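Colleague: Start counting the sequence shown at 15; every next residue gets the next number (our numbering).
Keep in mind the hints are simulated off the structure, nothing from the lab.
Since we're looking at a predicted model, the values are computed, not measured.
Just so you know, even glycine gets a beta-carbon here, dropped at the ideal spot from N, CA and C.
Okay, derived cross-link-like pairs now, DSS-like style, lysine-lysine, Cα gap no bigger than 27 Å in a straight line:
1. Lys50 to Lys221
2. Lys175 to Lys221
3. Lys50 to Lys175
Using C-beta positions, here's what the derived DEER-type ranges look like:
4. Gly74 to Gly425: 39 to 49 Å
5. Ile169 to Arg93: 45 to 55 Å
6. Glu465 to Gly102: 26 to 36 Å
7. Gly438 to Ile169: 34 to 44 Å
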Amino acid sequence: MDPVIIVGAGPVGLTLALALARQEVPSIVLDEGPGKDELRLARTVVLREDTAALVERLTGLPLDDAGFRWAGWRSMRRRQVMREIAFGEAAGGAAGAGDPLGAEVPRGDGPRGAVAARATGSAWSAEGQGEGEEFNAPLHITQHALTGALREAIIHERLVKVAVHSRLDSVEQDASGVTAHTRGPDGTWWRGSYLIGCDGPRSTVRKLQDIRFPGRTAVERHAVAALRTELPWPGEALLHRMTPWRTSGPSTGEVSARPLAEDVWRLDWLLPPGKDLVTPDLLVARIRETLAGWSGGATPAYELLDTGVHTVHHRLARRWRVGRVFLAGDAAHLLGALGTQGLDEGLRDADNLAWKLALGWHHGPHQALLDSYQTERRAVVAARLRAADQALPLLRTGGGLRAYVPGAARGHDALLTDGHLGSGPLGAPGAYTGSPLMPPPAESHTPVATEPGAPVVDVRVTAEDGSFVPLRERLGRGVLLVVLIAPGTGVWARKHWVTAGVMPRLAAAVTALPHPAELLVAESYPGAAAHTVLLIRPDGHLVTALAGVRPADLYEAAEAALGGPANADAESATEAATGVRS
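All chains, please: the whole structure from these sequences, using the hints.
Modeller: Structure (structure tokens):
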């Protein structure tokens, strides 16, 4: 079968290529440029826990070496500190006691413990926050370092070919595949099974498919500077609103400082609406005023490394699929106001689409499964955009009675913290609760702390070879994951319990599933009773949680997660190529 054609060699396109290769699917990446990226310290991205883990899993490289994990977060309003958050290592839960793999428990309401802390990663605690609340330290990294790590991994990947200086000119699709024509020094044509447009906001793929891209222009504008200096809170990110010092030129009085390694900081000044020119002199004046305000009056020594203007647009493509052509990343959506990160969503696009394309590539196109990519991802991004659009008037209008409402300032701060740290409707990974891949209600379904359709918690599991690994390391290989919650198994070698209790029956049920699956065992999972069985998609979203071993319910849930019975898909290849279902 022909490889998958990926148009665009940015972080999303390269991530998708590696994700497909991990599932034994070849791809061709059409890179309009020379195959390397401009070094820009003022162009950085903030990756949340799940997206940073995705890139690390695909590249095999610890991104902490190329980026920087924030030591903490603080937000200020005028001269008042509104919130301080210190990131620290979260402790895993203690092992449970008792028979880990005894007789099956009957269905019903079992005991549920409090939501446990994450087994891995970094969590925060802050005075005044509710018990159980936690964030993980974001990873701040320059975009060229992120793309460089992905390119380095691709050099050693036999299933990925990068074609440089290849600008897409036209796309044709038929019942069996897609033909892409490129122009440039080595202009030619490429034949593929599918084509994915990861070619950014001005996507040629989107335009060739005549897909509308409505939305709002210049929702926010920021003046940006990357500089080397020392600030009073080393390693901590800061959001300062209504700064008390006088600023040069038009200003909203909002500035953020986000640390990188080696005392490098990215500073962003929110600009008022309009098209006021940010001159070098004005930017230098802003830098000096801001550093002096934070340092008690005297401007500390600094080295200016890079500058820029960052404009945020909010747009959402009407369709993300036309037959064998798909959109992902900035080609499909633009967002980024209030501290949110559009690249996070683009990487989640790649993670969602990769396993679905891989299944179609290996076993024949399953239209319901491929259609679910648009249904799931577009709904999540649309919800994120709606949340931002609803919050923007409240946070950016300023003044008026809102400024005097008790608690209003703290409420605004909480919304902005959500965007910057990746929580709540503005920043948390989306759940596919309305997905067509959700199984029908089963009598044996049991609630856990993760809702069906939401990303699972990264607990420690025992793999089939007896090793202890984070659950997240088993994702992205194109197989379903079945996790048995069995307290006490961690203190015994796997050989002593692999043939005991419910394990033989569960192992047989896993073998009989309609798609390859891996059986894992965890000592605990937030909100789960002993002998709960979790079914997890290849991209880490929970399908269902069952009370005990229920082979028929497990099979039905797995079949639904794959888009339903393959033989029930009556779409012809010709219909798929014309985009009738998109």
